[in-house]
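There are 2 protein chains.
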Amino acid sequence: MRRLRPEQDAFGRVLLEHLDGNDRAATIVERDDGYIEWEPPAAYFSPFRNWFAVERQALRYVRGRVLDVGVGAGRVALELQQRGHAVVAVDVSPLAVRVARRRGVRNAKVLALEDLDGSLGRFDTVVLFMNNFGLFGSERKARRLLRRLHALTTDDGRIVATSSDHTRTTNPAHKAYRRRNKERGRMPGQIRFRLRYRRLSTGWFDYLFVTPREMERLLSGTGWHVNRFISNDDDNLYAAVIDKDAS
Amino acid sequence: MRRLRPEQDAFGRVLLEHLDGNDRAATIVERDDGYIEWEPPAAYFSPFRNWFAVERQALRYVRGRVLDVGVGAGRVALELQQRGHAVVAVDVSPLAVRVARRRGVRNAKVLALEDLDGSLGRFDTVVLFMNNFGLFGSERKARRLLRRLHALTTDDGRIVATSSDHTRTTNPAHKAYRRRNKERGRMPGQIRFRLRYRRLSTGWFDYLFVTPREMERLLSGTGWHVNRFISNDDDNLYAAVIDKDAS
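Those protein sequence lines, which keep their order, are chains A and B. Under this note's numbering, the first residue of the first sequence is numbered 370, with each subsequent residue one higher. Under this note's numbering, the first residue of the second sequence is numbered 370, with each subsequent residue one higher.
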């Protein structure tokens with residue numbers, strides 16, 4: 370997904386209205402097989418103590434100067450700032466960036482993962498929380514972007530990312546979607562979504578959920594490898610601490 | 370809208386899941402200009418004391434044997450049963466009818482307003498609550514169905530219905546939709562919707578919001594007229610007590 374135009378910024382509009390006290394604002398998440406859900410924005414605002422346990426644990430592995438990809442309402446950037454990290458936060462949503470700034474994120478920019486270049490300097494850690502490993506989109510795009518991140522990070526650079534093990538779903542509609550993906554030669558957890566709110570809608574985009582094994586396979590050959598997984602049995606969400614291969 | 374097939378019964382599925390304790394179940398309401406919202410189902414279950422004031426007041430005008438069109442989760446039918454009325458309740462949604470029965474509605478059937486005939490007997494009052502004057506759909510269809518209801522009701526038969534004065538909206542998207550309707554020769558408050566939940570979706574259908582003046586014009590020549598309107602300044606929702614013309 371690239372920088373959103375105003376009529377596409379459904380997600381950011383919901384964050385902004387939530388911040389301004391509209392408790393009915395929620396993102397409508399539509400999948401390309403017609404499956405549709407609403408997602409309340411509160412989780413994007415939650416303080417550290419309310420995060421999933423794997424997220425709280427994963428934060429320990431963040432070090433140095435940080436790039437927060439997909440800042441949303443800023444919960445991760447704010448926590449890292451408070452811990453003393455220098456943080457650059459980016460998001461494709463201009464309104465999300467506005468929300469993050471209003472909430473105190475000091476350095477937030479409208480920028481897509483695909484458009485990152487050396488102009489922001491080098492980072493010690495890249496964080497992709499709230500399933501944002503998914504922003505890699507597809508196998509091919511993931512490999513390209515992982516190589517790019519390799520060049521934009523320091524020698525002991527690190528990625529701390531979360532994803533969800535989509536094989537653990539019991540929902541028949543989700544299982545059918547995974548089967549269809551495999552038949553079409555896509556990764557099983559490669560989900561085509563659009564986000565809507567009122568008349569706003571993003572275009573369709575691919576968001577990638579991977580199992581821990583799929584993540585390891587994806588990283589192979591990109592200069593990155595998984596140092597450790599953080600997971601628990603209660604939840605499909607897991608975190609990965611991803612380090613550079615020895616050179 | 371006619372009797373819904375299982376894959377179309379988004380509205381009824383949400384009611385059923387809400388009854389069974391899923392507090393995330395909500396209907397996604399999509400308009401044909403792309404405007405999309407979620408609607409929590411709680412209002413369909415609310416006890417009399419929590420209804421809108423105009424609804425509570427309108428209930429005083431219900432008399433005799435009642436046909437409840439669009440029973441939903443049964444709140445109106447249950448209240449009327451408790452007051453001693455004989456009630457026949459109908460809905461296009463098989464799952465809504467199941468929910469209404471489970472909640473104690475004694476006589477609930479899967480039947481569309483369009484499919485009503487003499488087999489249910491004659492009624493003293495037809496109730497169309499929760500904006501269900503909208504089920505008349507369009508000017509042409511409203512006139513046809515109003516004449517049919519005339520034949521299916523007793524000599525002093527009555528319709529008690531609610532609608533919303535759509536001219537009172539301040540939402541630019543809603544105003545634009547009304548303008549577009551006028552340009553296309555539709556009634557301004559004739560809204561093309563579909564209701565979705567997960568992969569379930571009704572077909573597109575017209576739902577009609579009318580001003581009090583539009584309602585009076587619509588009734589003219591059908592054998593019905595408005596006896597009284599019940600409204601207040603705080604809300605767009607109003608009720609109409611509709612009686613038969615002197616013959």
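Calculated directly from the structure, the hints in this document are not laboratory data. Backbone N, C-alpha and C define an ideal beta-carbon position, used for all residues, glycine too. It is possible that some hints are incorrect.
To be verified - What follows is a set of in silico ranges between Cβ atoms, one per label pair, in the way DEER data are often shown: (1) A:Ser415 with B:His594: 52 to 58 Å; (2) A:Asp402 with B:Arg561: 31 to 37 Å; (3) A:Ser415 with B:Arg491: 53 to 59 Å; (4) A:Arg470 with B:Arg586: 26 to 32 Å; (5) B:Arg553 with A:Arg393: 25 to 31 Å.
Said to hold, decoys possible - Derived, one-sided and incomplete: chain B residues facing chain A with beta-carbon distance under 7 Å: (6) Ala395; (7) Ile397; (8) Arg565.
Hints versus structure:
1. A:Ser415 with B:His594: 52 to 58 Å: holds, 56 Å
2. A:Asp402 with B:Arg561: 31 to 37 Å: At 23 Å between Cβs, range violated.
3. A:Ser415 with B:Arg491: 53 to 59 Å: holds, 58 Å
4. A:Arg470 with B:Arg586: 26 to 32 Å: This hint is violated: roughly 52 Å between Cβ atoms.
5. B:Arg553 with A:Arg393: 25 to 31 Å: Hint holds: Cβ distance 30 Å, inside 25 to 31 Å.
6. Ala395: holds, 6 Å
7. Ile397: Result: holds, 5 Å to nearest chain A Cβ.
8. Arg565: With Cβ-Cβ at 5 Å, under 7 Å, it holds.
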